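In terms of full-length UniProt numbering, the sequence shown has 151 at position 151, counting the first letter as 1, and numbering is strictly consecutive.
Since the hints were derived computationally from the structure, they do not count as laboratory data.
Since this is a predicted model, take the numbers as computed values, not measurements.
Yeah, the Cβ is synthetic: ideal placement off N, Cα and C, and Gly gets one too.
One thing to keep in mind: the hints can contain errors.
What the hints assert, rightly or not - Label pairs and their computed distance ranges (CB to CB): (1) K121 with P192: 38 to 46 Å; (2) A140 with V185: 26 to 34 Å; (3) R161 with F90: 20 to 28 Å; (4) R151 with C60: 39 to 47 Å; (5) F90 with L196: 32 to 40 Å; (6) P120 with E87: 18 to 26 Å; (7) R138 with G158: 17 to 25 Å; (8) A152 with C100: 23 to 31 Å; (9) R151 with L49: 45 to 53 Å; (10) R145 with V185: 21 to 29 Å.
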Amino acid sequence: LKYRQREPRSPIVSRLRTTNTMFDSSDPITPARADGRSVYGKECPCGYLYFDEEYRCKKCHRPRRFQQQLYRELDGPVGPCRGDGLELDFDIGTSLQGNCLPSHGDLRIVCIDDAVLQHPKLGNTMRRVLETLGERSRSARKIPRAVTSGRAPPLPLGSHRVYLLVFRHAVLGLMQVGPTRLSVVKMQARAPVDILPLCVL
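Work out the full structure, taking the sequences as your base and the hints as a guide.
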């Protein structure tokens, strides 16, 4: 149940659940375990019971039986790479493997910092990616200027980090985290005071 509660609510989760259910129902009924819980191929050989939206075992990381069919479904018109995100000509998750957080198959979270933006091969490309994403975010939120930028000198992000939700060649979302200087007014002093809280932008 813990894993199910932590599943990211991405554009592909409902499709994964529907597709897995369809393939499971076409599979011959497998022998039930002693507790009677295992039917329609939902049990990994190691004993782990899959949730509907999962396609890789949480214990042994073995692909689910119908993983190839799932990938073909995800590559179709309903997949996240068809207009739901920013499409790139390379796989960020593979290129920046050292910056990836624990992931769910091809759905990954990649951490971007100034070290990545100064990378000799990927630096300029990632700056352009952040510029594009920042402008899209500004337009969607209807704010006067972009919060996320890959061009601000000398270091675009400073102490901030940008987390990208990526699926293969598509970026589905971003979140910028870091300390931000804010001015607040104390009731006693009636004068603005600068504070530096950790903010999600």
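Structure-based check of each hint:
{"no.": "1", "hint": "K121 with P192: 38 to 46 Å", "in the structure": "holds, 44 Å"}
{"no.": "2", "hint": "A140 with V185: 26 to 34 Å", "in the structure": "holds, 30 Å"}
{"no.": "3", "hint": "R161 with F90: 20 to 28 Å", "in the structure": "holds, 21 Å"}
{"no.": "4", "hint": "R151 with C60: 39 to 47 Å", "in the structure": "holds, 44 Å"}
{"no.": "5", "hint": "F90 with L196: 32 to 40 Å", "in the structure": "holds, 36 Å"}
{"no.": "6", "hint": "P120 with E87: 18 to 26 Å", "in the structure": "holds, 24 Å"}
{"no.": "7", "hint": "R138 with G158: 17 to 25 Å", "in the structure": "holds, 19 Å"}
{"no.": "8", "hint": "A152 with C100: 23 to 31 Å", "in the structure": "holds, 25 Å"}
{"no.": "9", "hint": "R151 with L49: 45 to 53 Å", "in the structure": "holds, 48 Å"}
{"no.": "10", "hint": "R145 with V185: 21 to 29 Å", "in the structure": "holds, 24 Å"}
Every hint from the earlier list agrees with this structure, and none is contradicted.
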